[in-house]
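Quick note, the sequences are listed as chains A and B, same order. Numbering-wise, the UniProt record's numbering puts 37 at position 37 of the first sequence, and it's gapless, one number per residue. Numbering-wise, the UniProt record's numbering puts 298 at position 298 of the second sequence, and it's gapless, one number per residue.
Think of the hints as simulated: they come from the structure by calculation, not from any bench. By construction, the Cβ of each residue, glycine as well, lies at the ideal position given by its N, Cα and C atoms. Incorrect hints may appear among the rest.
To be verified - Here are the simulated SDA-like pairs of lysine to any residue, each with C-alpha atoms no more than 25 angstroms apart in a straight line:
{"id": "1", "chain 1": "B", "residue 1": "Lys493", "chain 2": "B", "residue 2": "Trp431"}
{"id": "2", "chain 1": "A", "residue 1": "Lys45", "chain 2": "B", "residue 2": "Arg591"}
{"id": "3", "chain 1": "B", "residue 1": "Lys615", "chain 2": "A", "residue 2": "Glu588"}
{"id": "4", "chain 1": "A", "residue 1": "Lys41", "chain 2": "B", "residue 2": "Arg591"}
{"id": "5", "chain 1": "A", "residue 1": "Lys41", "chain 2": "B", "residue 2": "Leu600"}
{"id": "6", "chain 1": "A", "residue 1": "Lys590", "chain 2": "B", "residue 2": "Glu596"}
{"id": "7", "chain 1": "A", "residue 1": "Lys66", "chain 2": "B", "residue 2": "Cys575"}
Claimed, not checked - Counterexamples of contact, computed for chain B against chain A with all Cβ distances above 10 angstroms:
{"id": "8", "residue": "His214"}
{"id": "9", "residue": "Glu464"}
{"id": "10", "residue": "Pro479"}
{"id": "11", "residue": "Phe582"}
{"id": "12", "residue": "Arg590"}
{"id": "13", "residue": "Val646"}
Spelled out, the chains give:
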Amino acid sequence: MPEGAPQDSAMAEISEAPTTSDPPNTKLEEDFDPKTMRKTKPGLKRLFLTLTVFISFVIALPFLLKSIEIYRAPLPFEDIDLLSTEMEKNLLLFPCQFQAVFVNFDDITAVNELGLLINSHMQKLTSENTPACGTCGNNFTVAVTIDSNSNCIHRESGSVNGKWQCGVLNGFDKLNDHDEAFDEYLASVLDSKNRKVYTVVVVNTKQEDVRVIVGKHRHAWIAGKVSVEKAVEKMAEIFIKVFVNGGNEEGSIRGEFMPVGADGKVVLSFSLLNSDPHDWVYDWDFKELDEILLAPVVDALKPVADISVESQVLYHTPKSSYSYWDDTQGSYIFSTKDLPFFVNSNEWHLDTSTAAGGRSKVLHFVLYVPSAKECPLKLQLPNREISMTNGFISPMWGGIIVWNPPACVENFQMQDLSRHKISSEDLKMISEVFMGQLRQLFGLKSDSLYVGRFATSVLLTSEKGFAEWELDVLSRHHTCFNLLQCGTTLGSLSRLVQSLPRMIIMDEIGKQVKYSLEAAKLSLGNVSLGYSDASAVSSRKARALAEDAFYHPSMMSVSYYSFEHCFAVYSPFFLPVSLHVLLAVIREWKRYKVENRKYLAWKVKLE
Amino acid sequence: MVRLRSILLFLVLFESFGSIIAEEEEQIEQFSEALLLRPLPDRKVLAHFHFESKVPPTRTHGSHHHLFPKSIYQLVHKFRVREMELSFTQGRWNYGRWGGYDPISSRNAKPPGVELWATFDVPQHQVDTSWRNLTHALSGLFCASINFLESSTAYSAPLWSFKSFAANIRYGTLPREAVCTENLTPWLKLLPCRDKAGLSALMDRPSIYRGFYHSQRLHLVSNEFDLAAASSGMVLAQTLTVVLQPVTLGSGMTSSVGSIQQPSWSLSSLFGRKVSGSCVLSNASNVYVQLEPNLVSELKTISETQQQSDIENLISQAWSDMSFEMSHSAVREIKEVYGFQKESSLLYEFSLANFSDSRPFDLEFRWKRPVTWSSQLAPLQASRFLMGSGNERGAIAISLKSVGRSGYAKSSVNEEGRCSLRVDVFQVVPWYVKVYYHTLKVFLDERLHSLADVIERTNVSPSEDKVSPGLIEIALRLPCDVHSVILTLEFDKGFLHIDEYPPDANQGFDIPSALIRFPEIKTKMHLFEDKSACKSPILSKLQEESPVLWYTEVLLVPLTTPDFSMPYNVITITCTVFALYFGSLLNALRRRVEEEERLLKTTKASGLIGVLLSKLSTKLRGKPLEPPSSSSSSSSKVSYKLILRVILVAGIAAAWQYFFG
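If we strip away everything but chain A, and leave its shape as in the complex, we get:
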């Protein structure tokens, strides 16, 4: 056929030629100028042919592009942007419920006014500084109860369901001697283990000194001879500063940084470092530490993080900073400015744990036993005082305690190389310091006093290490941190994906992003409804899915199918062919126009 085709066209031309050359009229023949005129209609055959080829190419082009398209799962970019902007702009504010109880205030009955007064005090406190993520903001309700011998008045607000039963404190006279007992009694009365209502009870007694005590659960009490105005001020402060903000002051670790891995796991890795085993070798009874002291904490923190504990003993691990002998202290001193160099990452093989697979967070807790030539070793604070705990923390990394063995204080001469055990009293002390460090790492206060503007409150310490209201604070912060993290991770994912237009995106990533967004939305919804536990769970899920999508193996691998590659493969065929086709179309079109003009000119002449 290709052989025949040109001949056919030639034939057509020839067959038309005689008609042109055939003179119909001699008069017209003189006017006929073959350069500008023609007698026959120009043929459309070639034009049609080239156009057909051209159009078919144009039609086929989308199919080709479709066939060489790389697979990119559709990602909901708008939703991601929405989430990240929402997380940046609107801080996550949880609805909180408070309850104020005034006991033995006979002279007041104006419950509603009292409620408004407390409310206004709290508003003032919250507006002092911008609300942090994971707090209540102005999204709270206050219920007030006045419980006196004569009357029992309630002011309901919002959906506070549990009421204070009047008269339960009558005859309870252990108010001052046994805080713990009173705490437990209040807990049983208020059922504050299960109800998420923060209660402050003001008990008007004859005592002059006013005591403010925050219990282990979700309540506090003020006892003493106190006026209503003072009580209201103190109450508002406890509500906002302690129950909502977790007793945090400015300068402590921001609650947004939670040392929890993306999969919700934390590994507490305890290491005992004998810096020079030639001097002495110490061992600890870690089993005791683990079972008696750490197990309750692990249990208590379960809603926030899944914690596992491991331990090791390392030897030949000198610190890498310097210390100097101080005669007045009778010890070697290292100061706070040496702390960044204390951890000797070359020789401290603390190791990431094999057990902590995936993206769990490892928190190192190091007990450093100095060698004889730097013993006793003490930490000097910036105010030139010696640190009580002799330890420090490094946020998101862990904590270090320097423990001076008794041998070095007693100017001990090395007589045997046997293994010494750290005594269980020392171990208890060490574990308490570790506990304080853990609390600090989670962004809580490590001492049991809260000094506020209006009151100094005593925080009762729980044997679990964390009080209920502290766990609430942690859980709120954790939810907030997870959602923030989820938002930023998804945001960077979408930016990355959009900046690499030829990167393959697997379906799985699309699914993970979708589920992560769904979980984040669910979590946000639960927050606004006040279901904090459910929102914590779904926020953790959202973050884990977002991280899964971002660190998906197919994203990490070289799956970038570059445009250059595509061009190099297809251009040898399509570049010359498309040139041919285009030129042919242009030529034919031009020619047709010229010939048609000629024909028209002839026609005009004819008429």
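Take the given structure of chain A and dock chain B to it, following the hints.
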């Protein structure tokens, strides 16, 4: 009689008491270190470090350890490892010169690169998953590419030839893995003293990597998960075996003609360092100097010939005093008690307990007279080579040559009274070497022998393309008087997909070492037992019975390597051909032959391209070219048009660069 009974009773009681004591001792973590030095016949010195950590089972001892490495403990628990051995080796053990019969060579001579095998305590269907996870974990732990053993084409499951009575075993090797300090550092990290104190402080990196052979090994045995058996917890043995060439100490002795003067050496000349005391955490840290049986007998005969005169007062010490001296006197001298006429090896023990920084331990070994001897060899010497040429097919041949000493096989006389020798061959071949197992031929003393007579047992699992490697296990029963055995197997070379070629494909592909095992010939040191001897783990290890092993060479098979730019070339040339065809077809379709000829006649030049086209067409048709007489005006118009076009194209290119560049 009564007295005898009471004595017996007492003995039984004592025994049980002793065992209680022993159990008590078992219940604590233990760590020990030892170094064994042995002069080799070819003027080299073998240094064998042995570190062993023992931990009682978790059930009784809990999961907190003060010596045992945390990472290994977690590894065992996470992947339920029952036994595992990982070795990193550089260089090949010279079986012919350094010996192939003693426990050290059969246990510590390893194939080049990485070898890993493990048995798991998991159900059958989970073994592969555990193996994959283990390879990844080890890869991270030892900074090596052990994770390449994850793919099912890289590991296999030997049934009986690699290790008798082992279920759920997986075995894999990486012959090309380079071994260097980055693998040694994590290995040292598992030791409580690392290389800060004790014997490991000797490991000066330049010295040990300069050696002729370097093999670092990690062997882990755990029966944590056996609930029934009296569990002994975990034992982690780490060994480093190096063969070093001592820098000759400046001794005044000149070698006598004919015999080779052995070089004298010291720890500082071998390693460039001295030992400053033991690791305080180790229960025992000893240095041993071992003299091979042949060397001992050689030295004895030399001294006997020299001291013909007074044979009577030849005390045991005299011969050794005459031949060599050591700078420190040995704490103990351990003699091997073995058979009747057989010579036994000799171990000198040095304890590091009394040495410190101020008084470092630097053992010096000085030869007093030239001596030559040879090491004990395995009953058959194995080597493996490739036959055939070209890129299509070839054959693997494994040759076993008798060393001419049939003494080893004496014990393995079967019921019919014929002396025979069993040899197990274990060979893994990658899938792209397609072995035809039916072509297995056995030549005994260069004569073809029928397989049924020689082969006792075989197990073949053929390779599956891109899925699993081929595995062949053959148990041979050979007559003792055989001189040479050759096994040949033919294979075809497969083709790989372009993605499957490694970065340096032209180098060729490795076939991992075959393992020749003599299961009936066990080797161990028969040391004279006294109570203190069994305390040292290296000695108890040397006294353990193990079959004699021989790893053959790694074979390099060149496969057809494609030109990796070929796909692009093919694409380009095909596309060009298609484009030419298409273009000419299109041109032919819209050609007007008549008109063109008419136009040519009227000498109307239609631009430069037209001229060229007409030129070409006339050329093609074989007609003489009629020169077009283009007017000057048209030519200027043409050049103007041309410039316009060039500008247009340049503009498009610039726009392209701007928008897509």
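Sort out which numbered hints this structure fails and list those numbers smallest first.
11 and 12
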